[in-house]
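Novice: As you go down the protein sequences, you meet chains A and B in turn.
Start counting the first sequence at 1; every next residue gets the next number (this note's numbering).
Start counting the second sequence at 1; every next residue gets the next number (this note's numbering).
The reader is advised that the hints may include incorrect statements.
[Stated by the list, open to error] In silico SDA-like cross-links for lysine to any residue, where the CA-CA straight-line distance does not exceed 25 Å:
id, chain 1, residue 1, chain 2, residue 2
1, A, K219, A, K362
2, A, K122, B, T34
3, A, K114, B, L117
4, A, K140, B, R130
5, A, K140, B, I141
6, A, K122, B, R134
7, A, K163, B, P115
8, A, K86, B, T32
9, A, K163, B, T32
10, A, K71, B, L163
11, A, K114, B, H35
12, A, K140, B, H35
13, A, K362, B, G171
14, A, K114, B, P115
15, A, K140, B, L112
16, A, K86, B, G125
17, A, K303, A, H267
18, A, K114, B, R134
19, A, K86, B, H35
20, A, K163, B, A111
21, A, K114, B, G125
22, A, K114, B, A111
23, A, K140, B, T34
24, A, K79, B, A111
25, A, K362, A, N350
26, A, K86, B, L187
27, A, K86, B, I141
[Said to hold, decoys possible] Here are some, though not all, of the chain B residues that point toward chain A, as calculated from beta-carbon distances under 8 Å:
id, residue
28, S69
29, V71
30, G72
31, I135
It should be emphasised that the hints constitute simulated quantities derived from the structure, not laboratory data.
All values derive from a computational prediction rather than experimental measurement.
By construction, the Cβ of each residue, glycine as well, lies at the ideal position given by its N, Cα and C atoms.
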Amino acid sequence: MTAAMLSAAATSLSVRVRKILARDFSLEAEFEAGAGITMLFGQSGSGKSTLLSCIAGLIVPDAGHIVLDAKVLFDSQHKVNIPARKRSVGYLFQNLALFPHLTVEQNVQYGLAKVPAAVREKRVSTILESFRIAHLLAGKPNELSGGERQRVALARSLVTDPKVLLLDEPLTALDALTKSQIIADLRAWNASHEIPIIYVTHAVTEAFALGERVIVLDKGRVVAKGTPQEVLDAPRRELIANLAGFENVFDTTVESVSEAQGTMNCHLTGSEVNLEVPLVTVDHDAPIRVAIRAGDIMVATGKPVGLSARNTLKGVLVSLRREVVTMIATVNAGVNFEVHLTPNACCELNLKHGDEVWLVIKTYSCHLVNGDDVSAVN
Amino acid sequence: MHWSAIILTLRLALVVCMILLAIGMPIAYWITYTHWRWRFLAESVVALPLVLPPTVLGFYLLVAMGPQSPVGRLYESWMGHGLPFTFAGLVVGSVLYSLPFTVQPMAAAFALVDPTLINASAILGASRLRTFVRIILPLSIGGVITGVVLTFAHTLGEFGVVLMIGGNIPGVSRTISIAIYDDVQALDYASANNTALLLLVFSFAVLSILYAVNRSIWAVWPMHR
């Protein structure tokens with residue numbers, strides 16, 4: 001390892017692991033994470049928790065290399081495997097794993113056994129204040145609310161000054177407000193500590209809202225990584241489109257390419273519909289699909305004129321239903337499009353079943369998804 | 001009333017409890033957490049006294065302790081006398097005979113401790129010993145107390161093993177149950193009844209008090225919660 005590589009690893013976590021978990025399922029993941037929140041996103045059974053356990057030292061990978069803050073935690077080649085208790089890792093379990101027989105104070109102090117008493121007390125009181133739980137000191141975990149328990153568990157993990165914090169879907173059960181407050185406190189804490197925080201989630205809303213970076217894991221493989229915007233906006237893989245909640249995915253063929261305009265004309269298979277989409281390189285041997293988010297499609301009751309949007313399609317409203325605060329419309333314009341509107345918009349347009357409507361779709365709202373072989377991503 | 005037999009029996013039960021607490025707890029811990037593929041063999045050996053007739057266990061112990069065996073000869077050259085028909089011999093036999101009564105409730109209680117708590121403790125830097133003392137033991141204290149109480153009660157009422165390896169020497173190896181057996185053999189039913197009733201009442205009282213206290217203090221009963 002060169003000096004440059006060492007210094008690059010100084011504030012980051014670098015992971016490359018392989019672990020065979022069943023005859024037909026193995027985890028083979030490689031990623032790096034710097035300071036800040038990295039969302040590790042994938043459906044249940046994608047290997048997210050196993051990956052965290054490998055980093056924490058609770059599971060021994062079959063092969064690989066894990067480096068944290070320039071310290072080798074695991075190296076199968078050189079037979080290095082630092083035990084969990086010496087890894088300087090913070091881990092927030094899905095069930096939080098607060099010790100039920102100990103008070104909040106004893107729980108938070110637990111990881112500071114080797115620290116002198118005076119320093120210990122100071123660190124405990126500082127962290128309790130950072131997470132606004134100083135008043136809960138004498139309480140037992142079963143006397144706390146869900147949000148308070150999360151805060152105690154976070155404080156317990158962070159008081160030891162870990163070099164990385166691993167969060168295994170800890171906030172999924174909380175309401176959005178409590179969750180965002182806890183994340184804000186966590187960010188405030190991390191502003192002065194600057195450690196990588198790996199946040200595992202299977203919820204799309206969390207994955208693309210809470211972190212600076214997203215790693216998408218599917219069937220034990222990393223299929224995409226980057227900023228939320230990068231991962232969401234360029235779902236070149238159908239899989240990611242499905243994961244990221246693209247409601248409209250159509251088989252398509254490229255009819256013509258206009259390099260000067262930076263666009264392509266695509267024909268939706270089995271229909272008369274043509275769409276203008278942004279120019280991308282496609283592999284014509286693999287299936288090509290176009291993905292459009294339901295919320296990116298506009299509805300007009302008359303033929304729109306004077307629009308910049310390049311795709312206007314005439315169709316018939318075939319169904320309309322309400323889901324909490326979203327109106328979900330299905331419009332047949334040769335193929336069925338799912339369109340999301342606000343209840344107010346729906347009201348003003350006076351939309352009813354059987355109405356003739358126009359769909360307006362910007363070129364840049366159309367995302368080409370090429371192929372379904374996930375192994376060739378990146 | 002056979003006071004010397006009663007005192008001897010209580011002494012035996014106390015010594016056996018202390019020894020088994022010291023060796024039964026590590027065995028229970030090991031059986032609970034080992035990934036050894038032959039673990040079931042160890043479990044079977046520990047559980048053997050539950051199903052074996054006490055006379056069979058007593059017979060083999062007698063042979064193993066006797067002057068024909070290396071262990072017996074070693075002990076005799078060391079202590080100047082043999083192990084059979086002594087209090088120490090009784091202790092050895094009783095420890096083996098009561099082993100499952102210590103180990104099984106403890107192992108059952110350890111196994112009920114949420115493994116993520118053990119993982120959390122390790123990640124927070126605790127050694128296995130600290131994790132055991134601070135997390136596993138407090139959370140399975142009910143099972144540990146059950147193990148000790150059962151061991152005590154079981155040793156109080158022991159008969160077959162004691163008879164085989166201890167004989168019937170007053171003040172050395174004559175326990176309550178043997179004294180009762182003696183009385184019955186001599187057709188002294190009144191004396192037998194006195195001692196038997198005392199043993200019955202005492203055992204019942206000990207169990208009731210400890211079970212009641214155990215329930216109200218720790219409120220966790222690993223065998224049926």
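Novice: Now tell me if each hint is right for this structure.
Specialist: Okay, the hints, checked on the actual structure:
no.	hint	verdict
1	A/K219 <-> A/K362	33 Å, violated
2	A/K122 <-> B/T34	39 Å, violated
3	A/K114 <-> B/L117	20 Å, holds
4	A/K140 <-> B/R130	20 Å, holds
5	A/K140 <-> B/I141	18 Å, holds
6	A/K122 <-> B/R134	22 Å, holds
7	A/K163 <-> B/P115	24 Å, holds
8	A/K86 <-> B/T32	24 Å, holds
9	A/K163 <-> B/T32	32 Å, violated
10	A/K71 <-> B/L163	63 Å, violated
11	A/K114 <-> B/H35	30 Å, violated
12	A/K140 <-> B/H35	33 Å, violated
13	A/K362 <-> B/G171	101 Å, violated
14	A/K114 <-> B/P115	24 Å, holds
15	A/K140 <-> B/L112	20 Å, holds
16	A/K86 <-> B/G125	6 Å, holds
17	A/K303 <-> A/H267	21 Å, holds
18	A/K114 <-> B/R134	15 Å, holds
19	A/K86 <-> B/H35	22 Å, holds
20	A/K163 <-> B/A111	32 Å, violated
21	A/K114 <-> B/G125	9 Å, holds
22	A/K114 <-> B/A111	28 Å, violated
23	A/K140 <-> B/T34	31 Å, violated
24	A/K79 <-> B/A111	31 Å, violated
25	A/K362 <-> A/N350	24 Å, holds
26	A/K86 <-> B/L187	70 Å, violated
27	A/K86 <-> B/I141	28 Å, violated
28	S69	43 Å, violated
29	V71	39 Å, violated
30	G72	44 Å, violated
31	I135	6 Å, holds
Checked against the numbered hints listed earlier, the structure breaks hints 1, 2, 9, 10, 11, 12, 13, 20, 22, 23, 24, 26, 27, 28, 29 and 30; every other hint is satisfied.
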